[in-house]
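K.L.:
Each chain, letter by letter, is given below.
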Amino acid sequence: MKPWEIVIGLETHAQLATVSKIFSGASTAFGAAPNTQASPVDLALPGVLPVLNKGAVECAIKFGLAVGATVAEKSVFARKNYFYPDLPKGYQISQFELPVVEGGQIVLSVGQGDKAYEKRVNLTRAHLEEDAGKSLHEDFHGKTGIDLNRAGTPLLEIVSEPDMRSADEAVAYARALHALVRWIGICDGNMQEGSFRCDANVSVHRPGTPFGTRREIKNLNSFRNLKEAIEYEIRWQIETLEDGGRIEQATVLFDPATGETRAMRTKEDAHDYRYFPDPDLLPLKIDRTWLDRVCKRLPELPEARRQRFVTDLGLSAYDAATLTATLETADYFEATVAVAGKASAKLCANWVMGDLAARLNRENLGIAQSPVAAAQLGGLIARVADNTVSNAIGKKVFEALWTGAGQSADAIIEAQGLKQITDTGAIEKLVDDVIAANPANVAEYQAGKEKAFNALVGQVMKAARGKANPQQVNALLKQKLAE
Amino acid sequence: MTLTLPEVKRIARLARLEVNDAEAETARQQLNGIFSLIEAMQAVDTSGVEPMAHAQDVFQRLREDAVTHTDADARQRALFQSVAPEAEAGLYLVPRVIE
Chain A
1 MKPWEIVIGL ETHAQLATVS KIFSGASTAF GAAPNTQASP VDLALPGVLP VLNKGAVECA
61 IKFGLAVGAT VAEKSVFARK NYFYPDLPKG YQISQFELPV VEGGQIVLSV GQGDKAYEKR
121 VNLTRAHLEE DAGKSLHEDF HGKTGIDLNR AGTPLLEIVS EPDMRSADEA VAYARALHAL
181 VRWIGICDGN MQEGSFRCDA NVSVHRPGTP FGTRREIKNL NSFRNLKEAI EYEIRWQIET
241 LEDGGRIEQA TVLFDPATGE TRAMRTKEDA HDYRYFPDPD LLPLKIDRTW LDRVCKRLPE
301 LPEARRQRFV TDLGLSAYDA ATLTATLETA DYFEATVAVA GKASAKLCAN WVMGDLAARL
361 NRENLGIAQS PVAAAQLGGL IARVADNTVS NAIGKKVFEA LWTGAGQSAD AIIEAQGLKQ
421 ITDTGAIEKL VDDVIAANPA NVAEYQAGKE KAFNALVGQV MKAARGKANP QQVNALLKQK
481 LAE
Chain B
1 MTLTLPEVKR IARLARLEVN DAEAETARQQ LNGIFSLIEA MQAVDTSGVE PMAHAQDVFQ
61 RLREDAVTHT DADARQRALF QSVAPEAEAG LYLVPRVIE
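Order-wise, the sequence lines are chains A and B.
When we follow the numbering used here, the leftmost residue of the first sequence carries the number 1, and every step to the right adds one.
When we follow the numbering used here, the leftmost residue of the second sequence carries the number 1, and every step to the right adds one.
Hints are computed from structural coordinates only; laboratory data are not their basis.
In this text, all values refer to a predicted model and were calculated from it rather than measured experimentally.
Treat the hints with care, since some could be wrong.
What the hints assert, rightly or not - With a straight-line Cα cutoff of 25 Å, these simulated DMTMM-like cross-link-like pairs (lysine to aspartate or glutamate) come out:
(1) A:LYS134 <-> B:ASP57
(2) A:LYS54 <-> B:GLU18
(3) A:LYS80 <-> B:GLU88
(4) A:LYS467 <-> A:GLU414
(5) A:LYS80 <-> B:ASP57
(6) A:LYS285 <-> B:GLU64
As the list claims (entries may be wrong) - Derived, one-sided and incomplete: chain B residues facing chain A with beta-carbon distance under 7 Å:
(7) ASN32
(8) ALA53
(9) GLU64
(10) THR68
(11) HIS69
(12) ARG77
(13) ALA78
(14) LEU79
(15) TYR92
(16) VAL94
Just so you know, even glycine gets a beta-carbon here, dropped at the ideal spot from N, CA and C.
The task is simple: from the sequences and hints, build the whole structure.
P.N.:
Below, the structure written as structure tokens:
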């Protein structure tokens, strides 16, 4: 029998980066005291009416443009009816038949190194909706506490086609989507705070037969949980089927502590949401002019930028991918190239991904908070590229820039006298002195010990206080020892 | 189309309405009356007519993304919570919800 094929589709809720809610003027800031950001609209007090936030619509437009989707000229808000205490209206305002974004595609890279491959995941749709409040199940004398600060927070629900065939592909998709929404500035991507959360629809079947019955894993708020939950679910479904069992359609929760998924209480009515157009809201119109205006403000997209880094700047695919992981990194890198010159692009990539990234990591800083500005690093790279300083001395200068010992690489090189010695006569003198002073090393080298050569180079560099041009030192030393 | 009694009861349950058998039967007859009205409307040929999502053929007006509801001193919250059946520590309290 053919092996099982895994089929995964993802529904992702991205909290939109607006300052106010989707239908009210209450703040969306995270962490406020309970119910202090719940306006009469969010509380569903009688007689209130929702008014749609233009900023939230623009976020949806940006997303639609970024994934090559159709942004609907006319879309409609609908009521999704269900009862839960954190949803005071008794319905969620969402979109059903006519969503704001239809279609589109996300390109992602799955796996690493030689095994890496490119995959295109089609999107079904993306629609605007409001978030619900939060239920706090700690014990309030046997009752549940309700905080409606989150109620009415704008969400974009992004629905993929069931195009993924493994947990790794699902995670790669979620990562690519996460990077994209941050890149275009529509979502802060903070998964701990719930700004980006995924539901995974998982089923298994034999290739060539119809799709199996799917189970939906709810509210996965980290890439790790996403991977573990899907892998567990796949194993569970295959075992169930191979034991002669049947899969019942269900909504399941993942417990990170046990690594298992378990079905939520199933109710026959659970999915009967009785959608209908919300009479409180007129259809949303997005005309060509508005689309064009948003399009002009959209940054160059990661995919395009990645390709430009390869074709224009001669970077490897790996470097280009790493440098386009976030918009901030890509901007920083290009700003260093602007100063150091296109010819030094590879050198810039090495510095940004190497010394800078390592130092930022150590201090737990993002690139936007780097104490070394891109222009400063570019200035340093230019001095390494034109041999004013060696790479090793460059690291010293970098450290000085980091601690603020100087404003520019040039100033630091000047003030600390770090300019590289390239004068052959001066280096020759140093080499002669070292050879004269270290007869033992010289003898060892001439007896065929390569290590002795390195010791001699070290001596010369020490005498030059690290400033001698390493290539010249090597060449001169070899030449002298051969004499 | 006519509704059966179990269907009426299911609709009532979805809407969290408590109905006894007599009320359900009354509702069934009334709802079936409405259905016959809808059937009469559905007999009209509407091919080529674009469905409307709203009775008025106008579009949504939008508001700028700005915070207009300020509640810094939580005074308004106290006001809202004064009409709630129960509140504590700024939270609305409801019968326990178990998932």
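K.L.:
Broken hints, numbered, in rising order?
P.N.:
Hint check: 1, 2, 3, 7, 13 and 14 fail, others pass.
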